[in-house]
Amino acid sequence: MKTFGIIAVVLCGALLIYGTVDFPEWGDPASPASTYVSPYYIEHSIPDTSVPNIVTAILADYRGYDTMFETAVVFAAGIACIFLLRIEKRDSPRSRLYRHIPTGVTIRIEQGGRLPEGSRDLERIDSVWVPYDLIIKTGCRLVIPFIQLFALYVIAHGHHSPGGGFQGGVIFGAAIILYALAYDLRTAQTHLPIRTSVLLSSTGVLIYAGTGALCLLLGANFLNYSALAGLLGVDPVTARSHGILIVEIGVALAVMAVMVGLYYIISSAGRLDEGL
Amino acid sequence: MDPVIAFIIAKYNYWMYIILMMIGLCGMIIKKNLIKKIIGMNIFQTAIILFYISIAAKKNATIPIIAHAHGDGHAAVNAAGIINPLPHVLMLTAIVVAVATLGVALALAIKIYRQYHTLEEDEIISQIRE
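So the protein sequences, as listed, match chains B and R.
Following this note's numbering, the numbering of the first sequence begins with 5 at its first residue and continues without gaps.
Following this note's numbering, the numbering of the second sequence begins with 78 at its first residue and continues without gaps.
The reader is advised that the hints may include incorrect statements.
[To be verified] A short, non-exhaustive set of chain R residues, derived as facing chain B with CB atoms under 8 angstroms: (1) Ile106; (2) Ile107; (3) Ala134; (4) Ala156; (5) Ile159; (6) Thr170; (7) Val174; (8) Ala177; (9) Gly180.
[To be verified] Stretch-level coverage of chain B by chain R, calculated; a stretch enters the list once three of its residues show a Cβ under 8 angstroms from a Cβ in chain R: (10) 42-48; (11) 56-70; (12) 257-271.
[To be verified] In silico DSSO-like links for lysine-lysine, alpha-carbon gap of 30 angstroms or less: (13) Lys6(B) x Lys113(R); (14) Lys108(R) x Lys6(B); (15) Lys188(R) x Lys113(R).
No lab work stands behind these hints, which were simulated from the structure alone.
Beta carbons: idealized from backbone N, C-alpha and C, even for Gly.
Whole structure, please, built from the sequences with the hints as guidance.
Here is the structure:
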């Protein structure tokens, strides 16, 4: 079996090398990939959409269908993970562990015991003991707002600089995952529960598809944002630019929520209470 | 320069992606552990991303963002001076979808581990046959 696998891999590599002989050289401006449709995009993106970042213009306007269904794929993957792993009916834990922060003493509270939830000196911890890490928690608390601000900048500034919904959404999701790593899953879920993240991801897809449907209702083709000109009060070219921003926000919401949801589900193997 | 060496240097991006692709394929076909297979799948996806991004490159060209687009001087945009933006768009979505498929693959691996208490492929097959 192993030799068969190696033979298959080597054969595949040999075929690829044989095919590469006909490929254009690296950086060739006259290569077939660069002469067929991309010159149109490069030359027409400013007159058509008034977006200087051609990648954003293609992503959300010229290839809007593609991006819409990519967003739907990301959403479907998030939902699939939740359906695969989520444990709906879980037993309430027999005992809970708390740490008294000033002394470092760990307290176990059996079922039925009184819960010191309100106390500031006590911190609930996972069943796997982890040391109290002031530096990591404080450092993350300081850095997370700036990560989120940068994510919003990347989303909103995708028209003029590298960025957009996918990148900004991933950065925003990373900020929340960092929070969940520095504290624990329960603390992160008090701020963004898994239900909210599912709702946000479906809202993102809805914003994207809804913008397309709105264009349809206003008498243009699906995802032809120039139909929004009347609603937004701008000329059709600027309306396409604004339409791109709207769908990018939808993409960012969906991607952010799915990244966070995937982390919650996989790190805790579906239990959503403890993990990593 | 020797023409063979010149040929190899002119297409070095393709050799890199072929090497990465073969490593990924090796991981997927030969390795018995499911997590190693998933890692192989990711390396394979990275190879494809590298391939697409490398065919977008043009010599002496700049990034696909038009400078001073809304400014005063409306210079004509020269398509040869800007790299091909289309592969970048395709790979932008492909990266996110790769993360999503990785998530589903890991979820399936957790599910399989719960059922069979192992991630080794041959042990799982022998348990299924019992």
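Here is how each hint holds up against the structure:
{"no.": "1", "hint": "Ile106", "verdict": "holds, 4 angstroms"}
{"no.": "2", "hint": "Ile107", "verdict": "holds, 4 angstroms"}
{"no.": "3", "hint": "Ala134", "verdict": "holds, 5 angstroms"}
{"no.": "4", "hint": "Ala156", "verdict": "holds, 4 angstroms"}
{"no.": "5", "hint": "Ile159", "verdict": "holds, 5 angstroms"}
{"no.": "6", "hint": "Thr170", "verdict": "holds, 4 angstroms"}
{"no.": "7", "hint": "Val174", "verdict": "holds, 5 angstroms"}
{"no.": "8", "hint": "Ala177", "verdict": "holds, 3 angstroms"}
{"no.": "9", "hint": "Gly180", "verdict": "holds, 4 angstroms"}
{"no.": "10", "hint": "42-48", "verdict": "holds (count 5)"}
{"no.": "11", "hint": "56-70", "verdict": "holds (count 8)"}
{"no.": "12", "hint": "257-271", "verdict": "holds (count 6)"}
{"no.": "13", "hint": "Lys6(B) x Lys113(R)", "verdict": "holds, 15 angstroms"}
{"no.": "14", "hint": "Lys108(R) x Lys6(B)", "verdict": "holds, 9 angstroms"}
{"no.": "15", "hint": "Lys188(R) x Lys113(R)", "verdict": "holds, 16 angstroms"}
Going through the hint list in order, the structure satisfies each hint without exception.
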